[in-house]
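Protein sequences appear in the order of chains P and E. Position one of the first sequence corresponds to residue 1 (my numbering), numbered consecutively onward. Position one of the second sequence corresponds to residue 1 (my numbering), numbered consecutively onward.
If you're looking for bench data, these hints aren't it; they were derived computationally from the structure. Given the structure is predicted, the values throughout are model-derived calculations rather than measurements. Hints are not guaranteed to be accurate.
What the hints assert, rightly or not - BS3-like cross-link-like pairs, simulated, lysine-lysine; straight-line CA separation at most 30 angstroms:
no. : chain 1 : residue 1 : chain 2 : residue 2
1   : P       : LYS271    : E       : LYS283
2   : P       : LYS107    : E       : LYS283
3   : E       : LYS32     : P       : LYS260
4   : P       : LYS32     : E       : LYS107
5   : E       : LYS271    : P       : LYS260
6   : E       : LYS192    : P       : LYS271
7   : E       : LYS192    : E       : LYS107
8   : P       : LYS283    : E       : LYS260
9   : P       : LYS189    : P       : LYS271
10  : P       : LYS26     : E       : LYS32
Stated by the list, open to error - Here are a few chain E residues that face chain P, going by a calculated C-beta distance under 8 angstroms:
no. : residue
11  : TYR29
12  : PRO171
13  : GLN275
Stated by the list, open to error - Computed beta-carbon distance windows for the label pairs:
no. : chain 1 : residue 1 : chain 2 : residue 2 : range
14  : E       : ASP49     : P       : TYR51     : 29 to 35 angstroms
15  : P       : GLN177    : E       : GLN112    : 57 to 63 angstroms
16  : P       : ILE34     : E       : ARG142    : 42 to 48 angstroms
17  : E       : LYS283    : P       : ARG144    : 35 to 41 angstroms
18  : P       : THR282    : E       : SER285    : 34 to 40 angstroms
19  : P       : TYR51     : E       : LEU221    : 32 to 38 angstroms
20  : P       : ASP209    : E       : ASN24     : 16 to 22 angstroms
21  : E       : ASP219    : P       : GLU23     : 43 to 49 angstroms
22  : E       : LEU221    : P       : TYR42     : 55 to 61 angstroms
Beta carbons: idealized from backbone N, C-alpha and C, even for Gly.
Protein chains: 2
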Amino acid sequence: MQQLPPFIQKHEGDLWLTENERENLKLSYRVKEIVVSAQSPYQHVMILDSYDFGRMLVLDGVVQTTSLDGFIYNEMISHVPLTMHPHPQTVLIIGGGDCGAAREAAKYESVQQIDMVEIDEMVVKACKEHLQDVSGNLSDPRVRFLYQDGVEFVKGAEEVYDVIIVDSSDPIGPAKQLFELDFYRNLYKALKQDGLMVCQSQSPIFHFDVLEQTYRRIDSLFPVTRMYTAIVPTYPGGLWSFTLGSKRELPQPDDVRFDKETQYINEDILKRCFQLPQFMKTKLSL
Amino acid sequence: MQQLPPFIQKHEGDLWLTENERENLKLSYRVKEIVVSAQSPYQHVMILDSYDFGRMLVLDGVVQTTSLDGFIYNEMISHVPLTMHPHPQTVLIIGGGDCGAAREAAKYESVQQIDMVEIDEMVVKACKEHLQDVSGNLSDPRVRFLYQDGVEFVKGAEEVYDVIIVDSSDPIGPAKQLFELDFYRNLYKALKQDGLMVCQSQSPIFHFDVLEQTYRRIDSLFPVTRMYTAIVPTYPGGLWSFTLGSKRELPQPDDVRFDKETQYINEDILKRCFQLPQFMKTKLSL
């Protein structure tokens, strides 16, 4: 009898993935097929084909992105900063192993170089081959894949990038350092004089402490800080936050134009994403 | 040994509620305490105290609203139509047993009467007593509780209401009729000449068919139809849709002012909620 991969259980003939990430809430997905299951030097990597979400990238048993809704997160973390910059040429993506952010960045003609610094090559390879709804099988020659630790990488970069996108997983384990003040300080250094960065800053419903800490840290380093939100159906809490830090004044959302081909974001969504729910404004004193 | 209520399991000393509503996705909530558990003539009614969401209303084993996020849905289904009407005096709420929509409607001084037509008295009683984070222990004298079938109730109403809010559960079982064309026709009849109605029209991610059908049906009856979205963290898919039908031209969202005390909605959210994601615009040809 074939052994099941970790995190997968069999119930009455069906395969299920149960996320045990949270102590008090468990999500179980019925799985059609285990497409990839392997241990990398950093984490356990799976591509699963699920009934409700299509193909999913699962790291250490936790769903990261899916065919059904991966485009929402990836469009929101990429197009907002890229549209806020008047002429982005050099882009750095830290993390983002599903390649979705790089795929979106490649839609900008002005962009000449996209450095994708992802520690785990296996994630990139698995997504390029088996999760093309998200990765788009990215083969744009402007994308340079660097399989390195993002924290170390930015230490050596100085005034190189127009836009930096920090597409990290949750601040536990290896991604913890991507939420530290020292890391943001190095991002500031790695940005050109008029550059800007964005990072995902967790759920306003469940991790307001992380969100607020991230906002305060970026706000302490950058002259301009703005928060925006998007819906991420497969993350607990649905609502997700992103924090922008910019070295120079950003355009008003109403003045921004948008003409890329996308599934979620459009010019209206770009304008509206900065308008925060009242409890966020109150708690952040905005 | 005490018998556990239906839908509740015990694992290693802990109580868990597992939603079996969906075939391919199961959510399990760790439960601190079963506050109410009883069978009404219509459904099984529970109030549970959970670890991550606080108190929750659970009908036939499915979470309806929680202390943590109930305010988002209730504010969005109430304040949007009430703000779009220049002078709402008479309000009808169909469903809405958690009393949250009525609580929000009671914030409008112009409103003289709020008819709350909920079929299941037990739900209202349980929420007023044990879910006051959502219900606010509503005791406003303008609210008239009518424990009746909403579908039957509207058949007898003619040009009575300024605003009708259809706060239904999912279109399975008893709530199915609240998504039918005949029902919307009766809503039209029950509204005054310049009245407007709103209904929840399900998840754009998981039930686009219901969403589109609802939109088309309301659009076939009302001269003005508009769709808006909100985030509902405890519903699968996170993103939720609402459809407005109005007998007369609605103000532009940018022209609307908002000054109520709320936790989620504010003037900016009011403006932004009508700006739909690209895939919704494309599929609805908007």
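Outcome of the hint check:
1. Of the pairs offered as hints, the one joining P:LYS271 and E:LYS283 holds, with about 21 angstroms between alpha carbons and a cut-off of 30 angstroms not exceeded.
2. The suggested pairing of P:LYS107 with E:LYS283 holds, with an alpha-carbon distance near 23 angstroms, which does not exceed 30 angstroms.
3. Our distance criterion of 30 angstroms between C-alpha atoms is broken by E:LYS32 and P:LYS260, whose separation comes to about 48 angstroms.
4. Taken as a hint, the P:LYS32 and E:LYS107 pair is broken in the structure, with Cα atoms around 49 angstroms apart against an allowance of 30 angstroms.
5. For the given pair, E:LYS271 sits about 23 angstroms from P:LYS260 by alpha-carbon distance, which is consistent with the 30 angstroms threshold.
6. Distance restraint check for E:LYS192 and P:LYS271: the Cα-Cα separation of roughly 35 angstroms exceeds the 30 angstroms cut-off, and the hinted pair is therefore not satisfied.
7. Between the alpha carbons of E:LYS192 and E:LYS107 the distance comes to roughly 21 angstroms, so the proposed pair stays at or under 30 angstroms and holds.
8. Distance check on the hinted pair: P:LYS283 and E:LYS260 sit about 18 angstroms apart at the alpha-carbon level, within 30 angstroms; holds.
9. Between the alpha carbons of P:LYS189 and P:LYS271 the distance comes to roughly 29 angstroms, so the proposed pair stays at or under 30 angstroms and holds.
10. Straight-line distance between C-alpha atoms of P:LYS26 and E:LYS32 comes to about 15 angstroms, which keeps the hinted pair within the 30 angstroms bound.
11. Among the interface hints, the one on E:TYR29 holds; its C-beta lies about 6 angstroms from the nearest C-beta in chain P, closer than the 8 angstroms criterion.
12. Interface restraint check: E:PRO171 against chain P, minimum CB-CB distance 18 angstroms, threshold 8 angstroms, status violated.
13. Hint on E:GLN275 holds. Least Cβ distance to chain P is approximately 3 angstroms, under the 8 angstroms limit.
14. The hinted window of 29 to 35 angstroms between E:ASP49 and P:TYR51 holds, with their beta carbons roughly 32 angstroms apart.
15. A hinted range of 57 to 63 angstroms for the beta carbons of P:GLN177 and E:GLN112 is consistent with their spacing of about 59 angstroms.
16. At roughly 58 angstroms, the beta-carbon separation of P:ILE34 and E:ARG142 lies outside the given 42 to 48 angstroms, and the hint is violated.
17. Restraint check, E:LYS283 to P:ARG144: a C-beta distance of roughly 36 angstroms satisfies the suggested window 35 to 41 angstroms.
18. A hinted range of 34 to 40 angstroms holds for the C-beta pair P:THR282 and E:SER285, which are about 38 angstroms apart.
19. Distance hint check: the CB atoms of P:TYR51 and E:LEU221 are about 36 angstroms apart, consistent with the given range 32 to 38 angstroms.
20. The hint said 16 to 22 angstroms for the Cβ distance between P:ASP209 and E:ASN24, and at roughly 33 angstroms that hint is violated.
21. Our hint of 43 to 49 angstroms for E:ASP219 and P:GLU23 holds, since their Cβ atoms are close to 45 angstroms apart.
22. At about 56 angstroms, the CB distance of E:LEU221 to P:TYR42 agrees with the hint of 55 to 61 angstroms.
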